[in-house]
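Novice: This is what each chain is made of:
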Amino acid sequence: MELVSILNLSYLVASILFIVGIKQLAHPKTATRGNLLGALGMLIAVVATLFDQAILTYDWILVGVLVGSLIGIIMAIKIQMTAMPQLVAVLNGFGGIASVFVAGAALQLSIPKYAFAVNYQEIVSIVFSAVVGGITFSGSFIAFGKLQGFITEKAVRYPGDQLVKILVGLAAVGLGVYGCLEPTDESIYWILSGVSLLLGVFLVIPIGGADMPVVISLLNSYSGIAASATGFVLNNNVLIISGSLVGASGIILTQIMCKAMNRSLTNVLFGGFGAVATEMKDDGDFYSGKVKSTSAEEVAMLLDVARSVVIVPGYGMAVAQAQHTVRDLYQLLTARNIDVTFAIHPVAGRMPGHMNVLLAEADIPYDRLKEMDEINSTFENVDVVIVNGANDVTNPLAKTDPKSPIAGMPILDVGNAKTVVVIKRSLSPGFAGVPNPLFIADNCLMLFGDGKKATQEMITALKES
Amino acid sequence: MEIFVTAVTIFVLAIFVGFEIITKIPPILHTPLMSGSNAISGITLIGALYAAGIEESNITKILGLLSVIFATINVVGGFLVTHRMLGMFKKKDTPK
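Respectively, the protein sequence lines represent chains A and B. Counting with the UniProt record's numbering, you get residues 1 to 465 for the letters of the first sequence. Counting with the UniProt record's numbering, you get residues 1 to 96 for the letters of the second sequence.
Simulated from the structure, these hints should not be mistaken for lab results. Wrong hints could be hidden among the right ones.
Said to hold, decoys possible - Pulled a few chain B residues facing chain A out of the computed Cβ check, cut under 8 Å: (1) Glu2; (2) Ile28; (3) Thr31; (4) Pro32; (5) Asn58; (6) Val68; (7) Phe70; (8) Val75; (9) Arg84.
To be verified - Within a straight-line C-alpha distance of at most 25 Å, the following computed DSS-like cross-link-like pairs (lysine-lysine) qualify: (10) Lys23(A) to Lys61(B); (11) Lys113(A) to Lys61(B); (12) Lys370(A) to Lys61(B); (13) Lys259(A) to Lys403(A); (14) Lys24(B) to Lys29(A); (15) Lys61(B) to Lys259(A).
Said to hold, decoys possible - Every beta carbon over 12 Å from chain B, so not counted as near; a handful from chain A, in silico: (16) Ala54; (17) Phe137; (18) Ile188; (19) Val201; (20) Thr341; (21) Thr419; (22) Ser428; (23) Pro429.
Note that the Cβ used here is the ideal one computed from N, Cα and C, for glycine as well.
When you get a sec, could you build the whole thing from the sequences and use the hints?
Specialist: And the structure:
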């Protein structure tokens, strides 16, 4: 058999492994195997490529793979589970920029040929790779910066921001078209890449922290599309197939998340929580005099007589790295024959499913985690709800105030429980920037403090009682 | 042109396959699925290998080297961290 055929068959095998791998990743029992199949597919594709006759030297490849693997391994091992969304954003960005460089190299190779005849499939794909890859890279890093706290989490809005986005977008389109018409002018490619980077910044910076899960998922989809575009450049099926798989899966996840927040994608991309947040900031006396503050000892007394307890973990818990302390509380309460469950909002944390990962890390049994739809109707039978660092996902305004920026977002109806204890550092609004009437409800007690410290104090008080 | 049509056909079919296989995912797996599929998008590495391995000019070599590094980080980091995350879910089958 010809070498080319063997190569293409290997790519087919790799593609099948990717498809089966992603399919298995969607089921809890098979997910680990799915991930390994994906990795195996990648290995096969890479090894097969190394046998291609077009590849003449291996030294640069070896250096690149070694350096990249080392960085990748360190990142994957060192990362704390709370920082998972940031890591996914960063890895995604690297995939995007790699596409820009590959397309740039392909253009280098093709320019001499273009003097005779231009391959339009190739040049259009190259230009497309530059734009999508560039947006993915800078957008992902802005998302990373926002999640890491390097850049303000607030939506950065300024007069005419939509116009700026449109102008930069038009500049990218104009340069792209020009680049296709004058493919031998290499500088256009790099200017276009630069403008695309800028576009990524302008697109993501006006989006608030609360919407970052959607943004990351969408950028994930883009990185797949960028890889697919690179496949069109190189006429390589495995790139086209796996790129479009990732593109499709990213879009589906984005859709699911938007639904969980009851928002449309256009609303996330062009509206944003933050715009409203700035208007509503001066709401200082919303809470004044109406909030009942409590102590760990008092909560311990409540828990002592409770039969059922629901814990609502939020991003505050994650930031405080409190998942292990929360597990200790869970074990202590369970040992006293109290029924403890966890209510997981679909967008708790900063990425869908992120909270499940955190609680899994702390060894909290899988069957104790209840999804929103499952637990909402049962709150009235619950004695104590402990809200640990969650805000917007428990805000009843979502149901009562149609003008609120979170209007229509499904929430956890914790207010129906007999007593609600909210652990929070201050009364500051959540990502959505709106006050939470739950905090002034008759059955709500505020336990001010860090999610981990407050939980620790509760445990100590419980043990003493 | 013919090659292009074939490529588009493959592209469109793969999108349909993508939609079909990920219609109902339980929320607990959203994060691992996202990081796993993210790792697969590092398939750009294949293109990067060509760019780095073709003896053309120094510019293509440098672009190739950079793209190999970035794509490898994406691939290795992505698969590894997904594996780490999924390992945490697994522990629950055998409670201490």
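Novice: Does Lys29(A) sit within 25 Å of Lys24(B), going by the straight-line distance between their CA atoms?
Specialist: holds, 14 Å
Novice: Per the stated criterion, does the least C-beta distance between Thr341(A) and chain B lie above 12 Å, as a non-interface residue requires?
Specialist: It holds; Thr341(A) is separated from chain B by about 15 Å at its closest Cβ, greater than 12 Å.
Novice: Holds or violated: the hint that Glu2(B) contacts chain A, with Cβ atoms closer than 8 Å.
Specialist: violated, 11 Å
Novice: Is the shortest C-beta separation between Arg84(B) and chain A less than 8 Å?
Specialist: Holds - the Cβ of Arg84(B) comes within 8 Å of chain A, reaching about 6 Å at its closest.
Novice: For Ala54(A), is the shortest beta carbon distance to chain B beyond 12 Å?
Specialist: Non-interface label fails for Ala54(A): nearest chain B Cβ at 6 Å, not farther than 12 Å.
Novice: Please check whether the beta-carbon of Phe137(A) is more than 12 Å away from every beta-carbon in chain B.
Specialist: violated, 9 Å
Novice: Minimum Cβ distance from Phe70(B) to chain A below 8 Å?
Specialist: Nearest chain A Cβ about 4 Å off; hint holds.
Novice: Check whether the Cα positions of Lys61(B) and Lys259(A) lie no farther apart than 25 Å.
Specialist: Status violated; Cα separation ~45 Å.
Novice: Does the CB of Val68(B) sit less than 8 Å away from some CB of chain A?
Specialist: holds, 3 Å
Novice: Would you check the hint for Lys113(A) and Lys61(B), treating anything up to 25 Å between C-alpha atoms as holding?
Specialist: Holds - the C-alpha atoms of Lys61(B) and Lys113(A) are around 19 Å apart, at most 25 Å.
Novice: Run the distance test for Lys370(A) versus Lys61(B): straight-line Cα separation, threshold 25 Å.
Specialist: Violated. Lys370(A) to Lys61(B) sits at ~52 Å, over the 25 Å cutoff.
Novice: Quick one, are Lys23(A) and Lys61(B) close enough, alpha carbons at most 25 Å?
Specialist: With a Cα-Cα distance of about 36 Å, the restraint between Lys23(A) and Lys61(B) is violated, given a limit of 25 Å.
Going down the numbered hints, you'll see the structure goes against 1, 5, 10, 12, 15, 16 and 17, while the others check out.
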